[in-house]
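*Asks:* Sequence:
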Amino acid sequence: YHKRNYGKAIQHYELAAALAEENHLFRKAMVIYKKYEDLLVKIGEKGKAYIILKKYTKHHQIALETEKTEADKYKEQLIISEQKTTIETKKAEKSKNISIFTLALLLLCLILFCFFIYNHRKTKILGKSLAIKNKQLKIAKENSDRLAAVKTKFISTVSHELRTPLYGVIGLSTILL
Numbered sequence: 001y002h003k004r005n006y007g008k009a010i011q012h013y014e015l016a017a018a019l020a021e022e023n024h025l026f027r028k029a030m031v032i033y034k035k036y037e038d039l040l041v042k043i044g045e046k047g048k049a050y051i052i053l054k055k056y057t058k059h060h061q062i063a064l065e066t067e068k069t070e071a072d073k074y075k076e077q078l079i080i081s082e083q084k085t086t087i088e089t090k091k092a093e094k095s096k097n098i099s100i101f102t103l104a105l106l107l108l109c110l111i112l113f114c115f116f117i118y119n120h121r122k123t124k125i126l127g128k129s130l131a132i133k134n135k136q137l138k139i140a141k142e143n144s145d146r147l148a149a150v151k152t153k154f155i156s157t158v159s160h161e162l163r164t165p166l167y168g169v170i171g172l173s174t175i176l177l
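Position 177 of the sequence shown, counted from 1, bears residue number 177 in the working numbering, the numbering being contiguous throughout.
A hint or two may mislead.
Derived EDC-like pairs (lysine to aspartate or glutamate); straight-line CA-CA distance at most 20 Å [said to hold, decoys possible]:
| id | residue 1 | residue 2 |
| --- | --- | --- |
| 1 | K94 | E82 |
| 2 | K55 | E88 |
| 3 | K48 | D38 |
| 4 | K34 | E21 |
| 5 | K46 | E14 |
| 6 | K3 | E45 |
No lab work stands behind these hints, which were simulated from the structure alone.
Put together the whole structure using the sequences plus the hints.
*Replies:* So, in structure tokens, the structure goes:
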């Protein structure tokens, strides 16, 4: 076209347009038909230019419809993607809640475990303390029992030793009276 070889340019435009139509490249076909139409107007073939302009318009409409269909597909894919994202977000929130609950449960178990360990140690210390006190009380009881036995023996001995002479004195004083 730029070399002013219009016959060859027309052949190339027709070939390019045919290839674009075969491969469903409607936007490319539109560009080709527009330049082809410009060439035909320039060389004065207005009737043929009008036919090419109709093809340009047809391809423009097809391109718009195709792009509209593709846009609708992308919208549907976007909606599906948003739904998946929403579902994944809900799953993530549910997983997060489960994780928090599990963590709280584990923390509670850890606190209870520490409490039981503390209680066990305290019980162990109290048990040792009670064992020592029991030994001391046992020793004190044995000493008390031993002292009570000694006291009882002492009192019975003293009582016996005092009664015998006292009966003798009472008997003699009764005789003397």
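*Asks:* Hint by hint, note whether the structure agrees.
*Replies:* Hints and how they fare:
1. Proposed proximity of K94 and E82 is supported: the alpha carbons are some 18 Å apart, at most 20 Å.
2. With a C-alpha separation of about 48 Å, the suggested pairing of K55 with E88 is violated against the 20 Å cut-off.
3. Taking the CA atoms of K48 and D38, the gap is about 11 Å. The hint holds against a cut of 20 Å.
4. In summary, the hint linking K34 to E21 is supported, as the alpha carbons are separated by about 14 Å, within the 20 Å threshold.
5. Among the hinted pairs, K46 with E14 is consistent with the structure: their alpha-carbon atoms are about 17 Å apart, no more than 20 Å.
6. Of the supplied pair hints, the one linking K3 and E45 holds, its CA atoms being roughly 19 Å apart against a limit of 20 Å.
Figure legend: structure checked against the earlier numbered hints; the only hint not met is number 2.
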